[in-house]
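> Each protein sequence line maps, in turn, to chains A and B. For what it's worth, my numbering labels the leading residue of the first sequence as 1, then goes sequentially. For what it's worth, my numbering labels the leading residue of the second sequence as 1, then goes sequentially.
One or more hints might be untrue.
Covered, in the sense of this in silico footprint (three residues per stretch, anywhere, with C-beta under 8 Å from a C-beta of chain B), are these stretches of chain A [as the list claims (entries may be wrong)]:
1) 81-94
2) 198-210
3) 236-250
4) 352-362
Not everything, but these chain B residues come out facing chain A in the computed CB check (under 8 Å) [to be verified]:
5) 4
6) 31
7) 33
8) 54
9) 55
10) 185
Hints in this document: simulated from the structure, not taken from any laboratory. Don't be surprised by glycine CBs; every beta carbon is placed ideally from N, CA and C.
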Amino acid sequence: MGVNSDPATDPKKTTHLFFGPQHPGVTGNMSIEMWFDGDQITKAITHVGYLHRGFEKLMEKRLWIQNFPLVSRICVPEPDINEECYALAIEELAGIEVPERAQWIRTLVLELARFAVNLMAFGGQAGTLGLGTGAMWGITFRDFVLDLFEELSGARIYHIYIQPGGVRRDLPPGFENRVLEVLKKIEERLPELDRLVLNNAVFKMRTKNVGVVKPEWIEEYGLVGPVARGSGSVRDVRKDAPYEIYNKLDFDVVTETGNDIFSRAMVRRREIDLSMSLIRQILDGMPQGPVATKLPNLTEWRVPAGEYYSRVESSRGEYGYYVVSDGSLKPRRVHVRGPSYVHAVPLLERMLVGANIADVSNIMVSLTTCPPEIER
Amino acid sequence: MKFTDVISPFLAWSRAVKKVDTIPYPKQQNPGADRYRGFHINDTEKCIGCGRCETICENKAIDMVKVEGVEPTQGDSGLRPKVDYGRCCWCGLCIDVCSTGSLGLTNKYSWTTEDPGSCRYTPGVDKKSWDNEEKGFRQDNDVLGWAGSPREEMEIETPEKRIENFDEVVKGYTVQQAMDEASRCIQCGLCISACPAHMHIPDYLKAIAEGRFVDAVKLFYDNNPLPEMCGKVCTRECETVCAMGYQGESIAIRWLKRFACEQFESLADVLALDAQPGEPNGKKVAVVGAGPSGLSAAYYLSRKGFEVHVYDRLEEGGGVAWYAIPEYRLPAKGISRQMEVFEQAGVIFNYNKDIDSKLLTELEGRFDAVYLAVGLQKPSDARIEGEDIPEVKPAFDFLMKSPEKGEKLTGRKIIVIGGGNVAMDTARTCVRLGADVVLSYRRRIEDMPADDEEIHEAMEETIDFRPKTIPIRIEKTKTGIRYFYHEAVMVDNPEGGRPLPRPRDDVEHTVDADILFSAIGQTSDIEFISEAMQKEMEIKWGRIIVDNHQYTGYKNLFAGGDITPGEGDVITAIADGLRAVQGIINRLK
Ligand SMILES: Cc1cc2nc3c(=O)[nH]c(=O)nc-3n(C[C@H](O)[C@H](O)[C@H](O)COP(=O)(O)OP(=O)(O)OC[C@H]3O[C@@H](n4cnc5c(N)ncnc54)[C@H](O)[C@@H]3O)c2cc1C
Ligand code: SF4
Ligand code: SF4
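Here chain A stands alone, though its shape is the one from the complex (with noise of 0.2 Å):
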């Protein structure tokens, strides 16, 4: 037909531009198709694909034990989260149990993970308003908290810890003092980061009103995660549905109503401070005890055939694992489901229809787009 009917992409009236894949404003590698008249957005269509590695057919290739170093590539700063779902669907089927202690190990590296996460995503997003200094710091303090990942996994980013039946070492003599020490550095220095972040004048200006998320589409799109909490929401799978140790600390859910920006900042800031609070509490009521259960002779285990959805709070909200067995020494099938899928395509595509062309960005990592999590 060649007319151009719908008048958000009319070619006289818009200007088209891709925005990513490559674009340091935009998280991980996918890029964003939009058209904008003046700097105000008319249209926008995701594009992914650009970082697809198959992993979900990988796992179908391989021996259940060997997907570990896999799932926890697929989120490179919470990398846990992959090998807790993956490990409990696992253990769901096989029937195995998991030692006390183990289980509060595992929700220690959980609220680590989640900490790290958040001290980077608050820091991170400062940063894509171009206060850098934030940014740096939060991924400062993340360091100190990646070495106590080092220590107690033998690596910084995919610590392939998590197993199925507990995790793969015990605590490193000593280690609980150094969660400690390294709470009570970050603790210290927070205030500062506060000062470069929440109370600043263009921070709150570029932040607060601007990325609306509205209540009511919490449960058009199924939000979860920072991005609902920042609009009302009190959904959080730790209190939902609470696996590993959960239900024995106290805690409340972290809900802000502010719907922008901001409150999402917010929310992840008070995170930080519910982490650590969380993280206290554990290592206050650690059982001792074995940390694994043993397994059968991992080349040879055939996990029983049967299907399970495993489901855990991660940093960007519910994160599942629908796992597949035929009965078999690999997997059937291994579907990951992240809260990007929702956040960074339909959501986002949504929200950027009138927002200005600077805050891209900044809409995109307040939604802490994950393209990993799209493309499996």
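Knowing the structure of chain A, use the given hints to seat chain B with the ligands on it.
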């Protein structure tokens, strides 16, 4: 907007005068954590080349390669893992599953090289700067148990109950237990070369693990026609090299063979077409001796189309293993199940037929080849003063009469001299017949040639073990005999090898008894081979010397089993039979 919001960010400048958090890399480098997953090391002396690291590596970063200076030996493939740092992701799975715990990761993580080829290297062989690094990610099998696990426990009768009768001591695995036990196998295959008959162990273990018991039995019969016998009494050389035995317990290979056979009433039916006579090739072979070695040769010759006639002076097949080993270890029901298979395969048996030198010459003329598998049928002399007293008897003869089937034991107090299987079987048989038994052995318990499990079970059965006792003499008393011995101390053997027992002092210790069984060993009885024939062959210590295919060097005469030098066990006898088949085929071509 508050005024403080404008100035507060500037307070960040205060950081400018504080200690920086970053380090000036590469001038300053932080060492990796104590458990850091860095570069590989391997203790190549400890490594057995099982290849489990290669199997588990999801990135195919490990290749097992031949290494100069490391030769393949029993229990060591001679291969060592070579890692490719273009593929490795330092997950450390290879470390956690390493059968021996030889493989480790160091906490070294930074390395610069001009030679990209050196990023593929064999840890422990290709020298690296981190070779002696103490710290890093090492196996902790106590926590994980991925490198070795305990064996499925087999139910066993209590010592109190089992000495009351001749029922089998072990009760066998359940189906689930057997499948679980078999699935512990890591398929490294090191056991194959350790087994004298080179049975397809990993393959049949896999079959059992997957519940394919028919397949397992068929795999047994590829190179062992007495799998149930071996499943009960084999000396299981295979289990001594099992990779799972390093950090855990070796796979119960023997028990699993037993299990698979016991799943079927008739092994002949299971094998069906797989145990039929081969297409006749017009050649005839005579086999003297229906023991394990003769049976093995007969079965595979028949399968290859030879007409096979087996001769034995006894009433049934199975040889010494079947006659002498007591019911509680090798019950009767298994043997008939196995003998049916030989008949189905077309083997012709001639029992109650004693072969003398005349008959042997006749067989030799009538058949295209003869296989001598006559075993060792003569108990060795005890060489103790007083051994000709009638109450001093050869244990071997006693066992051959199957005492469990009615042979009376004339006496309540028994002494057994020896430390091998015959000694254990005699002692345990006597206990079951209601006797008190003293077992005297020159060396230490760990030097006993009998199977460890046998020794352990015998000790539980009220047998009075007297290791390190050197016999002096036996005297006749009014009611029986008196056995005199010295207590021994072990001294280093100047020629190397096991320490030697020497009398501790002049003190003569004594034990009174009704009967003394000497279980010192057996020798050959080759009088049935004519002197002329013997001259054409090489005979050493009463054993017939043969080549790799059991050929004696005389006409078309082959020999194997206990009558030739070897381990003196069932599986070696079977393996000799297999080799003889190849030898006969080659020679008659
Ligand atoms: C008490 C005891 C316990 C044992 N326990 C074990 C054990 O647990 N595990 C193990 O692996 N091994 C064990 N052995 C050893 C094992 O039995 C032998 O190594 C094996 O039987 C040797 O097989 P063969 O075929 O060479 O000879 P044999 O089994 O000795 O068979 C030879 C056959 O030839 C026949 N024969 C001999 N001369 C003539 C002749 N002139 N004319 C006709 N027939 C003749 C004999 O009657 C006999 O049947 C044990 C042996 C004994 C005595
Ligand atoms: S560390 Fe992991 S990737 Fe590297 S060789 Fe070992 S198993 Fe393979
Ligand atoms: S798993 Fe261990 S013992 Fe086996 S080949 Fe690899 S390094 Fe050697």
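> Would you mind marking each hint as holding or not holding in the structure?
Now for the hints, and whether the structure bears them out:
1. 81-94: violated (count 0)
2. 198-210: Coverage by chain B holds for the stretch 198-210 of chain A (6 residues, Cβ < 8 Å).
3. 236-250: Answer violated; 0 residues pass the 8 Å Cβ test.
4. 352-362: violated (count 0)
5. 4: It holds, given that the least Cβ distance between residue 4/B and chain A is near 6 Å, below 8 Å.
6. 31: violated (11 Å)
7. 33: holds (4 Å)
8. 54: violated (11 Å)
9. 55: holds (5 Å)
10. 185: holds (7 Å)
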